[in-house]
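Student: Fit chain B to the known structure of chain A by using the hints.
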Amino acid sequence: MEPIYLTIALAPLAAAVIAGLFGRVIGRAGAHSVTILGVGISCALSFYVLYRIVGEGMAPFNGTVYTWLVSDGLTLNVGFLIDRLTAMMMVVVTFVSLMVHIYTIGYMHDDDGYTRFFSYISLFTFSMLMLVMSNNFMQLFFGWEAVGVVSYLLIGFWYTRESAIFASLKAFLVNRIGDFGFVLGIAAVLRYTGSLDYATVFAHAQDLVAAQVHVSSTVSWSAITFACICLFVGAMGKSAQVPLHVWLPDSMEGPTPISALIHAATMVTAGIFMVARMSPLFELSDTALSVVLIIGATTAFFMGLLGIVANDIKRVIAYSTLSQLGYMTVALGASAYGAGIFHLMTHAFFKALLFLAAGSVIIAMHHEQDMRKMGGLRRYMPITYWTCLVGALALIGFPGTSGFFSKDALIDAVSQSPRFGSGYAYFCVVAGVFITALYTFRMFFMTFHGKERMDHHTQEHLHESPWVVTLPLILLAIPSALVGWFTVKPMLFGGYFDGAIHVLPANDVLARGGEEFHGSAAFVASAFGHLPVWLAAAGVATAWLFFLKKPALADSAERSFKWLYEILVNKYYFDWFNEHVIMRLARLIGSGLWHVGDQALIDGVAVNGSARTVGWLGSVMRYAQSGYLYHYAFAMILGLACFLMWIVWRT
Amino acid sequence: MSNLHLLSLLVWLPIIGGFVVLGLNRHEHGARWMSLVVSLATFLFSIPLWTGFHRGTAAMQFVERAPWIATLHADYYLGVDGISMPLILLTTFTTVLVVIASWENVSKRVAQYMASFLILEGLMNGVFASLDAALFYVLWEAMLIPMFIIIGVWGGPRRVYATIKFFLYTFIGSVLMLVALIYLYLKAGSYELAGFQHMPLTLREQTFIFLAFFAAFAVKVPMWPVHTWLPDAHVEAPTGGSVVLAAIMLKMGGYGFLRFSLPITPDASRSLDWLIIALSLIAVVYIGFVALVQRDMKKLIAYSSIAHMGFVTLGMFIAFQIVQHTGRTAGIELGLDGAVVQMLSHGLISGAMFLCVGVMYDRVHSREISAYGGVINTMPYFAAFMVLFALANSGLPGTSGFIGEFLVILASFKANVWYAFLAATILVLGAAYTLWLVKRVIFGAVANEKVAALKDLNGREFLVLGALALAVLIVGVWPAPLLDVMRASTAHLAQQLLVSKVVP
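Protein sequence lines, in the order shown, are assigned to chains A and B.
Count the first sequence with my numbering and you get residues 1 to 651, in order.
Count the second sequence with my numbering and you get residues 1 to 504, in order.
Extracted from the complex, chain B is given alone in its bound form:
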């Protein structure tokens, strides 16, 4: 399959397509159709990744490698395993939906708007597929630019504050990661990720590198207390921006921990796991309470995202304590699988939730919860979708939202009963903030004239939400195929964690 250059196609097709769309500046409709064609084609080309994927091996697949910057020993080196491949599918799928959802509700600079998303898609695919740290870093930083533009140009009234906060937060973390990557390069002689993973490092080195990575990834996840950029960014971002931000960009942090922190610095991860576990649990409980009192729908969902992403980091770093407390490795993969599934599921559900808010915002032009009430009376189909996604967000079994939470709770109980206890509070808190939102917005008598005048979903909106609803339900009812794809990779990672890299 590698001679088809599938991964290159997934990176470059949307980027080139994005520049073509930029050229269609004068033809708004042409720009929309062109974007749809490009994003659909990208999605279709990503399907062979799933169908042609060899299950049962942790080796990188669809590998492409070419020299890139010879003086730095940096290669153009792409490949996917069972962890990154589903994330790429999530990216291509989400982008199609974002293009459809943005069809009419963006009126100024349509071509640029669409082009930003296409370029962003290519860059994000590249981040997930990079096996070379230099390439990874370039794409990782480049990814910020389209998102910066999306929020800064099409955002709300406080967009400047939000973009600067977003940019500075993520950039400061990234710069520290760059220092760590350069250090690793100087030691290893190349930017190849596999080389970094195999290279022995002292605990002291690992600790510094871990902390540098942590700065970059914790901001992206985001973990408490470096999370406050997210609610602001979401509130100001246009709907499409929020969807991509929540569905995919937050996953970069989790992915970074899996691909960099855990395998490159396993010993530091072990000695500092308490930090991640504590911050993850704070995210679940603290943020759960904060979400409860939000008055802005987007802020509420943003806080909900932070709490749910706490399960991702918890699932990853619970491994060491499982070994310590049970003396066995059973449960490590449970946590890792749970973390990865939680990332994918959160991508679908939070994306859907932000789209739902977008549907209402397009009609009423308010995100305030108090501006709504009784939406079900005028938008019954929409209400059905919103209730479904809200239940999925509360971790209802039968939806994708359940799997990750369940697996991580099961795994964390093996480490410590209190971890499971605190993590499981999401059952109550998650349901409380999500369904209270639904009660105030969706149910009840018609609250005001604006709600009375609402029109139910149009065909496009129905299509987008329907596609997400199907995905949420299919994954929830039958997650086995997804887990089958991931198994070899998470098992491999679980082994990497346990092997000390400190030279005796």
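Isolated chain A, as found in the complex:
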């Protein structure tokens, strides 16, 4: 079985290397053909692996590819762990990636960096596969950083734009703050379990529970909580949780296909995947899970609010992504890992769909992204319109769509959770349903309905995008609409993740929900008795009223809640704080240490000062070397007199 896994991982890498190094030789068609072939192979084989595991009940694979290094008796391998969790992630990653590859042919058609772009997204696919397929922390970290680098390169893809290269640097550095925690978490795991292999670490998880991290001579923390929170800090960076979320909205500076692939469907979910993968550790620390729960809930609610005031179509979807990542994080914090991963999967489909649909709109609008200059596009772009509607409905959790199943199950699980913070989290995710529906349909109405607000020239050229763009939309719309029907039972209540995700019986909120589960149809029907569906409907109705029927209402609301509007438009002042306080402080410390420490004290006083002292001594001593005999004679007499005095004094 191992050659298959190697092929899945290496096919996109090989394609990326070919397209990257020989892009000029093979040309544009060559570059997209080779990368699509590479990712296509990966995708087909991933489906086959999933089929073998789910359909034929193949046992999980856990094996080493090669030994990376051996030091101090510690063997760090590159290896694969292919279980049900991984297989599902592989399918999601390669399928969305394949769609994005095809879509890119249309989206990047006129771009000079065409071959480079294909090389990057294939490289990304490889990195992401290495991340999800890993069987150890070292390789996880490799994939973790590699996806971060490709994301850095892609956000800054249009490198002449100042805003793009600023955003790429910001994304990398904020992620590095997360990685800082992540590395400490990995170090803690090694310190107390003696290994970095998942299997060994999980087997020795109790060692972490028993151990204490000595922070000072009097204070010590539980090692399991310390390790889990550190690992989660890494997840906060990658999965853009408050306060490390600031990079994700700015990452929209990158081309839209990567917003769909990296900043919605795959890379940003790496943190969610990682926590689920580490469930045997996280389960042992209630404190850490409470932190996860509260951070996730905060992100889910407060980032959703920002979507209501954004006018850039991609930024609305970006805030939506932040909010939905918060939902997944809440699920993790409530020990409903299955629900988190389930939402990760459905979200990957419908959010990639929404981004690609937005990209299709952006192509039609000649790269105008401001929704205030759109409107009425339904007439011109029927396929984009309908597929986008499917995505929007899935996002707000319209009964029967994939997003409905995952979100409803998630909210239900949170309501069952007894964990500290779950009350707050429940409020956030339920209120978030209304917010989600509001911003989603605000975007939808402003884009596709109402008055046509674009300029005359753009209006004349409006037309549906080519088939390479619409085909991925359709292919993503299908799972967005339907995948929930047949996956909800196994993934949430049917023990699909048994063996991959570990939940302590006491924490198993999903199992409690499972007792009430009587098939997908009944699940849909029962939803009408619950609050979220009605909140979503209310959100859509509000959006309709404020942004389509009576736009004046929105303006007056904006005026009467000026202070709130200011806070939201300024994104809670996180960016302001980072730029004016943290960045400025860092530079201040740097120049302070340099000018005062290095230049004034070390060089000025110690180094040049001793040079000056020696020079001064020399210049003083020079007077003694006058060359006059009587000076020397006088000195000798003086010396002799002193010597004699000393002798006399002693005796």
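To be clear, the hints were calculated from the coordinates, so they are not data collected in a lab.
Some hints could be false.
Straight-line C-alpha distance at most 20 Å; calculated EDC-like pairs for lysine to aspartate or glutamate [stated by the list, open to error]: (1) B:439 with A:579; (2) B:439 with A:162; (3) A:489 with A:83; (4) A:549 with A:452; (5) A:373 with A:455; (6) B:455 with B:362.
Tutor: Frame of chain A; chain B shown alone:
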């Protein structure tokens, strides 16, 4: 293998070759080709060190020994173990690249320039291979002369200040080391390093000897606060000088700690480890902030070097606290391995970074960051290399820069969570100063006419940067062979550390 006198060849071939090149003063082109042939031959002769090396033993290999100064009991005694052998390979590899990189961009006194590097190569190989302290000391000091000349003759406008600072700093430290070596010789009766390592010493003796060694090695590393010579030396040095300085000469300090301080004075190392650990962590954090605000590219990379070398000293001296806090020895070798890998990796990456600056300097004649912007528009291939090396400098997994940092962070966590915490700040700070540099220099719109007129890499430059890029990636993706070579030696050193030399 020893009857081939491989190590002698690696010491003397470049030195003799260097004098031959000096004789080709009138024939610039001949001097260049001769230097290339000599450096390539030296590199080729160093490969058998790797292929013929016996893994699994800490004993010195390729040993050569002959009486040298009989009255002083000093021998001409060469040999390598798993720590020094890769450093010699780094030296021979780097010298070839420096010769190629200097091909056309040095126009005055070409023969002397090339000859200086060849002679320097031989001396540095000798330092790494010396098993006799007298020989070591002679070569250690001799090594300063070519570097002094390289900076002083081919350097920038403030080269005189820089050379004197460089020379005085390193020389004052070295003189104290000489005193310690003479003391050890008087006690042991010979200059043999192994004798020094086995000889019992009181803690008081060890402490003085340790401090004397520390003076010599800390300056070379360089450690805070004796680091300020490095930015000045780098700024004034020609590209080749900067490359050798960063890639190899800084490693002398780390190597000295491994070969002298730790095994000869283990008890003093234990009692003074807090000093080294504190200075190493200051180097990482303090210097990281200082690097952030540099306006000169070479200064920035120089400060980055100091911060990265902090990991070398941290990895070495974390050992004692690991034992103290965990009661076990697991983790000591992790730190030592990390330190050695970090030295080698830093040699490749910092060398590459200085070459990248050199490529730009040759075209624009400025090292100021503000003189650049949008270089990628006119030099896409160069930009690709620069971004790769910058990412490697930020410790990206898959490049060599990751391994040392990762291992040292893992090891230091075993000693104290705060050490790991401070060390890990390099993840943020290292990325910040390196990638901010890249953002301002490489990315963006074309900043001025000089950038607009830039020509991309020529074949020679491509070859040099390509070779380094391959090395950085190969080591990063598969470091196991390197660690296999080192294992027995670092394990042996780890044992030496733990055995007290104080006579009961």
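Student: Each of the hints needs a verdict: does it hold here or not?
Tutor: Against the structure, the hints:
1. About 17 Å separates the Cα atoms of residue 439 (chain B) and residue 579 (chain A), which keeps this hinted pair within 20 Å; it holds.
2. Restraint check: the Cα-Cα separation between residue 439 (chain B) and residue 162 (chain A) comes to about 9 Å, which is no more than 20 Å; the hinted pair holds.
3. With a C-alpha separation of about 18 Å, the suggested pairing of residue 489 (chain A) with residue 83 (chain A) holds against the 20 Å cut-off.
4. A threshold of 20 Å between alpha carbons decides the hint, and for residue 549 (chain A) with residue 452 (chain A) the separation of about 15 Å falls inside it, so the pair holds.
5. With a CA separation close to 8 Å, the supplied pair residue 373 (chain A) and residue 455 (chain A) stays within the 20 Å bound.
6. At most 20 Å may separate the alpha-carbon atoms for a hinted pair to count; residue 455 (chain B) and residue 362 (chain B) meet this at roughly 11 Å.
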